[in-house]
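Student: Quick note, the sequences are listed as chains A and B, same order. With the first letter of the first sequence counted as 1, position 117 gets the number 117 in the working numbering; the numbers rise by one all the way through. With the first letter of the second sequence counted as 1, position 1 gets the number 1 in the working numbering; the numbers rise by one all the way through.
Everything labelled a hint here was simulated from the structure, so no lab data went into it. Be careful, since some hints might not be right.
Unchecked claim - Sample of chain A residues at the chain B side, in silico, Cβ under 8 angstroms:
hint	residue
1	Lys54
2	Tyr127
3	Lys128
4	Asn131
5	Asn132
6	Tyr200
7	Asn204
8	Ala272
Computed from a predicted model, the values in this text were never measured in an experiment. Think of the CB as a built atom: it goes at the ideal place given N, C-alpha and C, for glycine as much as any other residue.
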Amino acid sequence: MNTPRYKKILIRILKIILVIIVFISIAFTSGNSRSKLWVENLINGIINIPQNIKNYFDYITQSEKNISYDINELRIKNKELTDRVNELENKMIDYNLILQESKEYQSLKQTNKTYNNYDIVIANITYKTQNNWDDLYVIDKGSSDGIKQNMTVITNEGLVGYISQVGTHSSKVTSILDASSSFSAVASKTREQVIAKGDYNLKNENKIIITDIPLKVTYKSGDSFETSGMGNKYPKGIKVGIVSEFISKENPLDNIAIVDVAVDFDRLERVAVIIQENEDNEFESVM
Amino acid sequence: MILILFLQSNFLNEFSLYGIIPNAGIVLVCALGIVSGEFVGGLSGVVYGMFVDIAFGKTIGLFLLLYFLIGICAGFLKNTFSKENKYALSLMVFAGTIIFEILTAILSSILFETSINYIYLLKVVCIEEIYNMFLTFIMYRPLVFWGEYINRTRDSYYLLH
Chain A
1 MNTPRYKKIL IRILKIILVI IVFISIAFTS GNSRSKLWVE NLINGIINIP QNIKNYFDYI
61 TQSEKNISYD INELRIKNKE LTDRVNELEN KMIDYNLILQ ESKEYQSLKQ TNKTYNNYDI
121 VIANITYKTQ NNWDDLYVID KGSSDGIKQN MTVITNEGLV GYISQVGTHS SKVTSILDAS
181 SSFSAVASKT REQVIAKGDY NLKNENKIII TDIPLKVTYK SGDSFETSGM GNKYPKGIKV
241 GIVSEFISKE NPLDNIAIVD VAVDFDRLER VAVIIQENED NEFESVM
Chain B
1 MILILFLQSN FLNEFSLYGI IPNAGIVLVC ALGIVSGEFV GGLSGVVYGM FVDIAFGKTI
61 GLFLLLYFLI GICAGFLKNT FSKENKYALS LMVFAGTIIF EILTAILSSI LFETSINYIY
121 LLKVVCIEEI YNMFLTFIMY RPLVFWGEYI NRTRDSYYLL H
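Make the full structure from the sequences, and use the hints.
Tutor: What follows is the structure, given as structure tokens:
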């Protein structure tokens, strides 16, 4: 069937308009952090329905597995645990003495660092981005729970990332493994300022790279890094990770360190979003 | 579309090889393009890309544009290959994957100020090709059936003529 001429022209015009709209959309939405549009909230709500159903069935299935215990296995485990408890009780006396000494040592330190009280919101990871280039997580909390753009996301192990997009009931978290992620960090012991970046080749191994290492500075395996607080991206003192390898280059300014991040992103299920920091606007890490 | 997206986010990510996961969207868009033509291919790319951008993307329009391009390109081949020939579809998926990943790398480097990592790009392309070709053979029948259904009901849609 021959398409009428006017229809062909109409379709061509529509294609051109669509392409223009798409380019405008990319330009307006490619900022580092932004609020979600109402249509995104609506579509995310629709997409979340099967995910929530799946999460519910996962929960039911897991609960049923937990209920169906083998009685004989329980008896064996009970005996093992009883033996273990007796052994631990004997050790407890020695450990109490050691703990007492440790407390006295801690009180002598000038700075007894702990994580200060701050307001957080606990969120569950709904899903992870499904392409081979980004490292984003979608959580089930949004602006209705007090979450705003650029808020820091952590777990008890360390730094996860920041809130890049906020919807009404969900948000996207750009993790520190993402290749576009870059922030100021500091060596925990020697306090040199460095830059921590994500890398495509390392993100699947839960690693990032440290660059801008000062001249004549080298790091060995086991050296740890934390956030420096510079640039107001992340609060100071949140654990980033531990050096696994230091790579020296011909030009010392190009030296890099590969860092195993503190957070296990493969098993990430729950995160904390920092809503409000303490009055000193500073985090202290556990010594 | 939402079913494919759901499978992609919950099922296919369990089959990562060296951290690379398959992309069911490319298979979907190529199949509909080859079977139903460039308009349906482009439209399916727009819709699926929009869902991906909203659900998983950093920006609105990036994957919409990429899937739209893949759909249009697949649609151009509608009269070149037979719909019964699954090897034609797998060939289109092969080409589509290369185009998609290269453009993603280039556009991501421009938009998000990252450098193009050619080794990683090569790794992604090689592993994803194998996965996507395998997915093509699995999803071939349902997608071709869906495309044929669209063709049969085309008369009821004004702009699909």
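Student: What are the numbers of the hints that this structure violates, sorted from low to high?
Tutor: The structure conflicts with hint 8 only, although it agrees with all the remaining ones.
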